[in-house]
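For the record, the sequence lines run as chains C and S.
Note that the first sequence covers residues 1 to 445 in the UniProt record's numbering.
Note that the second sequence covers residues 1 to 318 in the UniProt record's numbering.
Just so you know, these hints were derived from the structure itself, not from any lab.
Note that the structure is predicted; figures quoted are calculated from it, not measured.
For glycine and all other residues, C-beta sits at the position ideal for the given N, C-alpha and C.
Fair warning: there could be bad hints in the mix.
Stated by the list, open to error - Mimicking SDA-like on lysine to any residue, the simulated pairs with C-alpha atoms at most 25 Å apart in a straight line are:
1) 138/S / 74/C
2) 257/S / 199/C
3) 309/S / 251/C
4) 257/S / 373/C
5) 170/C / 317/S
6) 257/S / 323/C
7) 237/S / 257/C
8) 316/C / 77/C
9) 444/C / 107/S
10) 237/S / 85/C
11) 257/S / 434/C
12) 303/S / 17/S
13) 170/C / 148/C
14) 257/S / 420/C
15) 104/S / 427/C
16) 199/C / 221/C
17) 104/S / 316/C
18) 303/S / 104/S
19) 192/S / 436/C
20) 86/C / 185/S
21) 199/C / 238/C
22) 86/C / 268/S
23) 138/S / 427/C
24) 257/S / 437/C
25) 444/C / 360/C
26) 303/S / 270/C
27) 192/C / 156/C
28) 86/C / 187/S
29) 380/C / 193/S
30) 70/S / 437/C
31) 257/S / 429/C
32) 237/S / 81/C
To be verified - Residues of chain C placed beyond 10 Å of chain S at every Cβ, according to the derived structure:
33) 36
34) 196
35) 202
36) 329
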Amino acid sequence: MALKALDIYKLLPKKNCKECGDPTCLTFAMKLAGGKADLDLCPYLSDEAKSVLGATTRPPIRLVKIGVGTRNFKVGEETVLYRHEKTFYHPPGIVFRVTDTMQADEIVAVTRRVRDETLTRVGADLRFNGIAIENVSGSAETFARAVETVEKVEAHLPPVLISKDTAALKAALVYCGTYRPLLHAATQENVKEMCALAKQHGCPLVVRSGSLDGLVNLVKTCTADGVPDLVLDLAPGTFGDFIRRSTAVRQLAITRAVPDLGYPVYLNAAETGQQDAAVALGIVKYGSVIVTDPLPVGSAKAALTLRQNIYTDPQKPIQMNPGIYRVGSPDKDSPVLMTVNFSLTFFTLQGYLESARVPCFMLIVDTEGLSVLTAVAAGKLSEMLVRDSIKKFGLENEVSHRKLIIPGYASPLSGRIEDATGWKVLVGPRDAAEIGEYLHEEWKK
Amino acid sequence: MPPELNFGWTTPIGEVVLGATNADGGTRRVSYRIGGGTTLPFLEGQPSTPAPLIAFEICDNPSFWSPIVKEYCGDVTSNVNEWAKKADADYGADLVRLHLTSTKQRNFSDVASLGPVVEGVLLATSLPVIIEGSNEPKIDSEVYQKCGEAGQGERLLLGTAEAGKYRSIAAAALAYNHSIIAQSPIDINLAKQLNILLKEIGVQRDHIVIDPYTGALGYGFEYSYSAMERIRFSALKGDSDLAMPMICSAADTLTIKEVREAGAGLQDETAIQWELFTCLAAATAGAEILCVRHPGTIAPLRKALAGMKQPAHSAGVP
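Bound conformation, chain S alone (with noise of 0.2 Å):
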């Protein structure tokens, strides 16, 4: 018999839990706990942790979304709460990752009409849901503030924290206990220095996802890749400030120049072929949430990820 795989590892990956129920003060009907890991992905004898899980993103102002989801889903992309329904509903994705991009028109300023949609997408899907608030640092503080409150006992994930800009959306996730997102340019350093300055003003590790930024497949991909294995590795050999599971969203996939032209009956295809391999690749460097924007991903993608979850059954050829 082959001696047993040793890697040597210390530490066990931190947990986070996305969303409460009824039990814990919320409405979702049901709450997920990522993380913990002890080795590899996909390298437990016994899986004891669940599989990565698939994140469907929406927006507030299509008119900054990719016009092959636009076409593909249809006329629910200008309505975000009927939108959050198909998406739980229809799609079957576990998580719904809402982006208010209605803050990128030029001079955006309506902040009231934020807590509202947020709301609202609350109401309309019972899964625990991702919010991504603005680029722009003048409404920022204002804007998560917003978010925070209308999804207070809800135990959102709040995106996306930068080592420029994390204190506006650090204060909400503390005031309303919600735990964030935390993204660093494809480098394993800087994701850790943002994990420190994060612990320093107060946010627990148990509140925080890595972003590590993913590169679309063909456009730096690679270094996302090896930065996730990077910080996977380190966080199973003991670095308590990168133990947490980390989130990957290839969110430029449908502007490439491969899937923008792909040719007429093809784009729907390339788009979801094009998360399917970004997603599965990501999910074996460690991610543990895989956001999508084209529904014809999320089938085939979790039928993959439930066979990578099974592990000891081979065909039986002696």
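Just chain C, same shape as in the assembly (with noise of 0.2 Å):
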């Protein structure tokens, strides 16, 4: 049962310190009681508060960290099943896989990808995050080799080790030990000396179980152990299996009714059978650390695009500057093209744009990150506007015509734009992806 924010507040010190990072005691409960902070932060509770405020107050799935410097990823720390509730917070972290068997400068290949290669779409970079060595070998001497040759590369990329025997994952934690590596995985068999390796070293761990009872009593062992950091590996059997428990996970942590499953779900595609399938599932349900043979480019560039869209916040659209863009090398003549600040408009009218090759100009206005159809009938997208947004961004000394084409679905202001900017306004199709067309047939005539 989840306290309220006052009757957080009762039971905290109300010094006012600040050292918990909020101004007052009183946001700290707030957020705490929207499971937004974590209680330890705040250095004076007394015992009876810590009993009494533990279990209900930390966020309901617990923030992990995964390797150090900059290109660490955290997962956890979700409040939702659904995105449209609310948002998913954070990106689950794919991670390309190696094997000690394989050859060092196969390895070194695969970690130079994932340290080098990156997707830009709409406005973002999007990456792979790390790198998972397994030891297929049942050498630890092969294992530790395996891992120091990622680290030779210096790509300062999370590592998860991926191995049963404690044994080679101590020989592979003398070269990256100190890099928050994440170990895999805890079992029934393994379970205490896999907690003292990751308590020697800070490290997070996966436990790994095929019921949720198990992991449980996993989860249960490690927190007593002094492992905080965990990540829980479901060893699905199929599809349907690991889409069934993932959901009960998400489902019981959320709703705080089984708190020990307040952990982030741990997904190997690569063992699956159907790996490009498993990460597409991994990614949409609830996965959080995704571990993968490194993929081909169609399904790189398609996993690392539905995880953008996924964990976009569906609240807030992303948004381009509003402004004056050019398409090609455009002139005095060039046509010109207004549009909405929506950021998927401008990226996709850009890309059939580009495919024209018309040079041209976009005249970019703020509807504050509505889409053309929406900011007509929110009355965000208006003659005023455009005039203001001609005006202000200086397009009559770009071209030398006074023609604007305008979007289809904005046909209804055609009139009042043309009165009140005195530029003749031409309708362009209600489809981005007829513009080339439009453009060839109706702009040269």
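Both chains come to you apart, so use the hints to assemble them.
This is how it looks when you write it as structure tokens:
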């Protein structure tokens, strides 16, 4: 049962010392109530307050940090089952797997790829997140050498060390023990030794079980042994099994019905027999650390794009800065296309304009991120906005003609825009895909 | 034992029948009953509903179709009957979705030619068929009348009704007992509104498939994904005006920049992965018909969907 902010406030020291980072104990209490702060931030809590507040105020899913330095990633601290209820906060880390039976140059190539590969979409740089090294040789020494090979690239990528053998992990930790590698995995058989290793190096640890009860038991053992940063491997047998239990874990965690399941979920897509599909399902169904063999270019791009889509805040459309954008090298006679500053509209139109190979100007007006259709309906896109934008961005100095192409869905405004601006308005297609044909046929006239 | 998952759902998704076999007065070799789900997709303990269906999209005038598909499928794209046959026998689709792209030609008026096109496709494949009519309001009424008539008795799925144009398609569906696709622009309220309009002119719930409109992956897909989740959620909570199965067709997928400009030798792979990722995400959000245009998408999609329908099967790790 979650406590209200005022109930929590009564248990706080009320010193307003700001040491937790909040200006007052009351604002800290409000954050605790929303699962947005960690109780440990307050240094002056009484033991009584700790025991009362402990379980109910920490975020329902623990935030776990993997790796150090600029490429570290954090997963967990999610609060909803559906992205439309609020948003998903921490995109899953997608980690490429190498094995210790691969040639050193192959291992180096994969490490460099994760270090360097970037997909730029909608103004964001999308990347893969880390390197998983799996001990399939059965030899601790070979495993350690593979980890050393990865570390020698100095890519500073978060490592995931996969081995059933604690001796092998121990040997590997010599090379990356201070980089917060994720250790995989503690099971019923080895949980004690794994905890000792994780504790010694301050590492996050994966616990692996095919049943929710099994996971709960492992979590209890690990936290009692002083290993708080855990990730859950559900050991799914089928995709359906993964969807079902991953949803159960998320639901039971966010409702605090089973607080011991309040940890991020791990998925090894490489062991499912259909890796690309597993990556897709991991992204949509609550996976937080997704291990996969290096993805071919097609599925690599699709995976990064799906992850970006699902983890976009549904309440805040991504916006472009309003202004004049050029496609190619337009001159005084080039066409001008007006549209809104919803980034998706911008990038879709820009893509089709580039492939049309007609140099032109894009006049982007500020509709606060609304699409054309909704901006027209809500009155955000108006003739005054267009008139003011033309003046503000100095469009009159860019071209010698006075013709403005507007989106098809803005056609109801065409007359009013002509009256307000004195520009001749041409109504373009509704669908950006048809803009190339439109420019070639209509503009050339 | 952790407590069982309980979301408090009250109402199952309604069912729609696609295709009519001999027994039902048609000539299809199979008919499908879609819908009927009682919880979120793939969460049933003992699955009682079938896996989502895969529809392969073809057209009668390939000049309006993706060059990637034309290149991959070859000459067959210029013969719609042969193409339909191939979709059925070689590509292994569950449904064939015919787009009458010939109606997109400037000043198209030869509506009489469409009846034989539909009849030809119905002869070429014995799978249930989806027919996409025109985009031109002036000829809509005639086009849907012809399609409906040509497919009489076959229990077609006709597309696509929108808020501004649903009367002629509804008339054809009612006259010849077909079902229809009701499309709204990525908005749960507009989806509901359209379903109410259809109800008011007599189209029964069990003859409607919702199309919440699918933006391509990377181009608005997240809005479609959430619209689908919200529609499914509301339906299970008891909103009967939204309790219909859904269809997902990410028709723009093959024209987006990432796929178009994938580079030599990578276009097919990129197109397939883009369709696969989109369809799998849409299936988890509630879509029950998944439309694809690249034949290479069908096999991996079917394999993944089969895995998603197998729940009680953990890897046996204690």
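Against the 25 Å threshold, does the CA-CA distance of residue 303/S and residue 104/S hold or violate the hint? violated (35 Å)
Given pair status - residue 199/C, residue 257/S, alpha carbons within 25 Å: Given that 25 Å is the threshold and the Cα spacing comes to 48 Å, the pair is violated.
Just to be careful, I want the Cα atoms of residue 199/C and residue 221/C compared with a cutoff of 25 Å; is the pair within it? holds (13 Å)
Given the hint that residue 237/S pairs with residue 257/C, test it: the Cα-Cα distance must not exceed 25 Å. holds (22 Å)
Can you confirm whether the C-alpha distance between residue 192/S and residue 436/C stays at or below 25 Å? violated (35 Å)
Checking one constraint from the list: CA of residue 316/C to CA of residue 77/C, max 25 Å. Satisfied? holds (19 Å)
Assess, step by step, whether the Cα of residue 444/C is no farther than 25 Å from the Cα of residue 360/C, and give holds or violated. holds (13 Å)
Going straight from one Cα to the other, do residue 257/S and residue 437/C come out at no more than 25 Å? Given that 25 Å is the threshold and the Cα spacing comes to 16 Å, the pair holds.
For the pair supplied as a hint, residue 380/C and residue 193/S, confirm whether the alpha-carbon distance does not exceed 25 Å. Roughly 24 Å between the alpha carbons, so the hint for residue 380/C and residue 193/S holds.
Does the structure keep residue 257/S and residue 373/C at a Cα separation of 25 Å or less? Distance of about 23 Å is within 25 Å: holds.
Holds or violated: residue 70/S to residue 437/C, with C-alpha atoms at most 25 Å apart: With a Cα-Cα distance of about 20 Å, the restraint between residue 70/S and residue 437/C holds, given a limit of 25 Å.
For the pair supplied as a hint, residue 309/S and residue 251/C, confirm whether the alpha-carbon distance does not exceed 25 Å. Distance of about 20 Å is within 25 Å: holds.
Hint check: violations occur at hints 1, 2, 14, 17, 18, 19, 21, 22, 27; the rest are consistent with the structure.
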